[in-house]
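**Student:** Could you build all of it, start to finish, from the sequences and the hints given here?
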Amino acid sequence: QQPVQSPQAVILREGEDAVINCSSSKALYSVHWYRQKHGEAPVFLMILLKGGEQKGHDKISASFNEKKQQSSLYLTASQLSYSGTYFCGTEYRDNYGQNFVFGPGTRLSVLP
Amino acid sequence: EAQVTQNPRYLITVTGKKLTVTCSQNMNHEYMSWYRQDPGLGLRQIYYSMNVEVTDKGDVPEGYKVSRKEKRNFPLILESPSPNQTSLYFCASSKRTRKFFGPGTRLTVL
Chain A
1 QQPVQSPQAV
11 ILREGEDAVI
21 NCSSSKALYS
31 VHWYRQKHGE
41 APVFLMILLK
51 GGEQKGHDKI
61 SASFNEKKQQ
71 SSLYLTASQL
81 SYSGTYFCGT
91 EYRDNYGQNF
101 VFGPGTRLSV
111 LP
Chain B
113 EAQVTQNPRY
123 LITVTGKKLT
133 VTCSQNMNHE
143 YMSWYRQDPG
153 LGLRQIYYSM
163 NVEVTDKGDV
173 PEGYKVSRKE
183 KRNFPLILES
193 PSPNQTSLYF
203 CASSKRTRKF
213 FGPGTRLTVL
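So the protein lines, in turn, are chains A and B. Position 88 of the first sequence, counted from 1, bears residue number 88 in my numbering, the numbering being contiguous throughout. Position 39 of the second sequence, counted from 1, bears residue number 151 in my numbering, the numbering being contiguous throughout.
Among these hints, one or two may not hold up.
Derived lysine to aspartate or glutamate pairs resembling DMTMM-like cross-links, with alpha carbons at most 25 Å apart [said to hold, decoys possible]: (1) B:Lys-169 x A:Glu-91; (2) A:Lys-37 x A:Glu-16; (3) B:Lys-207 x A:Glu-91; (4) A:Lys-37 x B:Asp-150; (5) B:Lys-207 x A:Glu-40; (6) B:Lys-183 x A:Glu-91; (7) B:Lys-177 x A:Glu-91; (8) A:Lys-26 x B:Asp-171; (9) B:Lys-183 x B:Asp-168; (10) A:Lys-26 x B:Asp-168.
Looking from chain A toward chain B, a few residues come up when the C-beta cut is under 7 Å (computed) [said to hold, decoys possible]: (11) Val-19; (12) Tyr-29; (13) Ala-41; (14) Pro-42; (15) Phe-44; (16) Gly-103; (17) Pro-104; (18) Gly-105.
Partial list, computed: chain B residues near chain A (C-beta under 10 Å) [as the list claims (entries may be wrong)]: (19) Ser-145; (20) Gln-149; (21) Gly-152; (22) Leu-155; (23) Tyr-160; (24) Asp-171; (25) Tyr-176; (26) Pro-215.
Keep in mind that the hints were calculated from the coordinates and are not lab data. Backbone N, C-alpha and C define an ideal beta-carbon position, used for all residues, glycine too.
**Tutor:** Structure representation (structure tokens):
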């Protein structure tokens, strides 16, 4: 079951903040965040392994609300290098075992 | 250097001509997977492998085959490619947590 990401796209000026949301209809074990620049492979940003966990590095952080089956990625004081498509990846378990599904992505454009 | 390699990087072929895309990782990861990426649809899993000789279908397995005879290699096989398999393909390996992606293979089937 693919998670839903919002917004689909966002345009920012350098220095502005953005929030990308990821929600699932499944109870989640973990949430991953990746960034992909045009023509390149996705690159791992962070993983959140339990409910309520918040992680971050540099000016990018994320939270995981296990109860709401949601995660949010926070980009503060955005830089030009933040441009790209952001994917959340959600891990859940069902009767068939462990599953991992990526969201459709959020395209972020940071303008000077 | 820890990496996942894929070959070829670009391939143009014709309908029905069997092809193989190779994937190799040097991190001794047990878990490997294949994804296809199409505009607006994100990364969809084709097949995955939990370990040697253990493979399973992902979300979009039709028209693809895989094998895992050794830990480091996980080739993707298209026995009879069709135009709807034109896509960007990524191989990934992981050790339970973060995924390492290969550089991608852009496949065009005419």
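**Student:** Please go over all the hints and tell whether each is borne out by the structure.
**Tutor:** Results for each hint:
1. B:Lys-169 x A:Glu-91: holds (16 Å)
2. A:Lys-37 x A:Glu-16: holds (19 Å)
3. B:Lys-207 x A:Glu-91: It holds: about 14 Å lies between the C-alpha atoms, which stays within 25 Å.
4. A:Lys-37 x B:Asp-150: holds (15 Å)
5. B:Lys-207 x A:Glu-40: Within the cut-off at roughly 22 Å; holds.
6. B:Lys-183 x A:Glu-91: With a Cα-Cα distance of about 23 Å, the restraint between Lys-183 (chain B) and Glu-91 (chain A) holds, given a limit of 25 Å.
7. B:Lys-177 x A:Glu-91: At roughly 24 Å apart (the allowed maximum being 25 Å), Glu-91 (chain A) and Lys-177 (chain B) satisfy the hint.
8. A:Lys-26 x B:Asp-171: holds (16 Å)
9. B:Lys-183 x B:Asp-168: holds (15 Å)
10. A:Lys-26 x B:Asp-168: holds (21 Å)
11. Val-19: Since the shortest Cβ distance to chain B is 19 Å, the answer is violated.
12. Tyr-29: Constraint on Tyr-29 (chain A) not satisfied, violated at 11 Å.
13. Ala-41: holds (4 Å)
14. Pro-42: For Pro-42 (chain A), the interface hint holds, since the closest Cβ of chain B sits about 5 Å away, which is under 7 Å.
15. Phe-44: OK, holds: Phe-44 (chain A) within 7 Å of chain B, min 4 Å.
16. Gly-103: holds (6 Å)
17. Pro-104: With a closest approach of 4 Å, the Pro-104 (chain A) hint holds.
18. Gly-105: For Gly-105 (chain A), the interface hint holds, since the closest Cβ of chain B sits about 5 Å away, which is under 7 Å.
19. Ser-145: holds (8 Å)
20. Gln-149: holds (9 Å)
21. Gly-152: Since the shortest Cβ distance to chain A is 6 Å, the answer is holds.
22. Leu-155: Status holds, d = 4 Å.
23. Tyr-160: holds (8 Å)
24. Asp-171: Status holds, d = 7 Å.
25. Tyr-176: Interface hint status for Tyr-176 (chain B): violated (18 Å vs cutoff 10 Å).
26. Pro-215: holds (6 Å)
Hint violations for this structure: numbers 11, 12, 25, all remaining hints satisfied.
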